[in-house]
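Visitor: Chains A and B supply the protein sequences, listed in that same order. Residue numbers are given in the UniProt record's numbering: position 117 of the first sequence equals residue 117, and the series is strictly consecutive. Residue numbers are given in the UniProt record's numbering: position 220 of the second sequence equals residue 220, and the series is strictly consecutive.
A few of these clues could be false.
Residues on chain A that point at chain B, a partial pick, calculated with CB under 8 angstroms [to be verified]: (1) R106; (2) G107; (3) I169; (4) R173; (5) R177; (6) R183; (7) M236; (8) E244; (9) G248; (10) T253; (11) H258; (12) A275; (13) E278.
Just so you know, the hints here were simulated from the structure itself, not pulled from any lab data. Even glycine gets a Cβ: it sits at the ideal position worked out from N, Cα and C.
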Amino acid sequence: MSDIIIETKNLTKQYGEQKSVANLNIHVKKGRIYGLLGRNGAGKTTTMKMLLNLTQPTSGEVVIFGKNIQGNEKKILPRIGSLIEAPGFYPNLTGTENLSIFARLRGVSKRDAISSALEVVGLPYGDKKLFSQYSLGMKQRLAIALAIMHDPELLILDEPINGLDPIGIAEVRSFIRELCDARGKTILISSHILSEIALLVDDIGIIDHGVLLEEKSLAELEEKNSKYVHFIVSDMAQAARIIEQNFGTKNYTVEDDHSLRLYDVSLPVTALNRAFIENGLEVAEAHTCEDTLEDYFKRVTGGEGIA
Amino acid sequence: MILDVTLGIILCFALLFGISCMAKLIGVKRQLQDMTDALNDIEAGNGNRRILATGNELTVDISYKINEIVYHYEEQFSKLRVADETNRQFMTSLSHDVRTPLTTLIGYLDAVHRGVVTGQEREDYLEIARRRAYDLKGYIDVLFDWFKLNSSEFSLYIQRVELAELTRDILKDWIPIFEENHLVYEIEIPERPLYTKVDLDGYARIVNNLLQNVIAHSQATQIKIEMTQKEKEFEISITDNGIGIEKADLLHIFERLYKCDKGRSGKGSGLGLSIVRQMVEKMNGRITARSEPDKYTIFTIFFSSAN
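So that you can see chain A by itself, here it is in the shape it has in the complex (with noise of 0.2 angstroms):
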């Protein structure tokens, strides 16, 4: 089985003269999260439509758990839980029978799927409650234990912690972690906000204006994150005693034989480096490393930022 759950191939969606998505590549791979991250009216709703076949690319191609999503829909979408906008509920039903509707029409993996995904949620099963008396938030609950109630191996969620409290986000955040980690089930999600991405994902595409600036993993773009000095030396014993015999720090890591990171930014670099070669060594690099997450989106989207 191949490893990239959703490929998409020079997707691509006009709206007259205006491309919404332009020649989108994204891939998403098995058993990780992926966060695609977009200031709003960046195409990110605009995507997850077309991935899940509810609109069809200007041009381009979908394809899922290997099969394109054109012709293959009913083999694919009862596979897939997704949450794109809000889902059509009946207010003058509860939750548990809006689900036992959805329940009924598209079958689920087992007897108490319905009572075990509002417990997920956080939703009382069998209240009396009407979905039209429900608060944002728990709707918002509802529409997510619609995703995961027959459980899918891929879901799809469409800003999944809006209209959220700080502690239902936070608990939304864990069980989607929860997912991925101890079920091994892909999971796409969009957000317009770059710390909650930041929180959560292992991938990140990066869209703006339809289309994507950068596909990388978490672990990459954390590397670039963090603020060191990276130095290659020709002995790095020599290199770390000098470090803490002059400079009176221990806050370094030696990566190899002759490359060597020193986390204390405050240390004048051309002291060190003076050091290093009155005392015999060979100084072949030595540059400071220090963008955060956020200049480093700057940058990528052209100086607007992200959140």
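Position chain B relative to chain A; hints supplied.
Guide: Leaving out everything else, chain B in the frame of chain A:
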């Protein structure tokens, strides 16, 4: 005549019955085809695939049963995958954590060996190198503990023990270390015997690890070790007035490889507290941590009383 009518009615019924049987059969055939597709996918290694069914289908029971079995197998696989991932991280972090202190140690010894330093400075370098070697040994001891604790061979001999005297015995060895580190200490242990069920070595290891943790990380000037008897259990608490632990970190400090210090200055293995918690739990006790940054940190262990 009557016979004809009766025969006609029977024929009609038979026809209806036949048609409905046919419809059911076609339905079941379709469901079986879906199940075969899903099972082929599962056979190919996709443990997250589910067979969806609704309450009125003939195949519903067998579908749910298959789902349940696949779910449980996948759960086991997931645990193995998580363990595998942790081990991988562990090896990476291990090589980093050993490399940095070892490189520095070599740095000092090389400097002595090449005659870079002489006289008193040479002696100082040797002393630093000696201490580094001991630090490394300590680190490797922790590692060894951790591996042992997580192997199947690990066993504890839990017996009825008098804890007050035992704790005093353990603390006796720590008093010179407190003094050396300029820690003002306060010890409150009841005079009467307090019985509980623990493993002797294990208990000592727990107390030692917690105290070592205070000395290595807290930068405290005061430490208080207190033992109190509650209704059915004892509490042993270790309080320091050091830098404390941020709320966000507090949730994770007992997880393996978690280090509060994001600078990764190479201090500590990130295993000490994880070992402590595992040990406490293996002895049917529990441990909590409370803290307020720059004010205090309190670690409390609870064991049930065996008087």
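Visitor: Would you mind marking each hint as holding or not holding in the structure?
Guide: Status of the hints after comparison with the structure:
no.	hint	verdict
1	R106	holds, 6 angstroms
2	G107	holds, 3 angstroms
3	I169	violated, 15 angstroms
4	R173	violated, 13 angstroms
5	R177	violated, 12 angstroms
6	R183	holds, 6 angstroms
7	M236	holds, 5 angstroms
8	E244	holds, 6 angstroms
9	G248	violated, 13 angstroms
10	T253	holds, 5 angstroms
11	H258	violated, 11 angstroms
12	A275	violated, 13 angstroms
13	E278	violated, 11 angstroms
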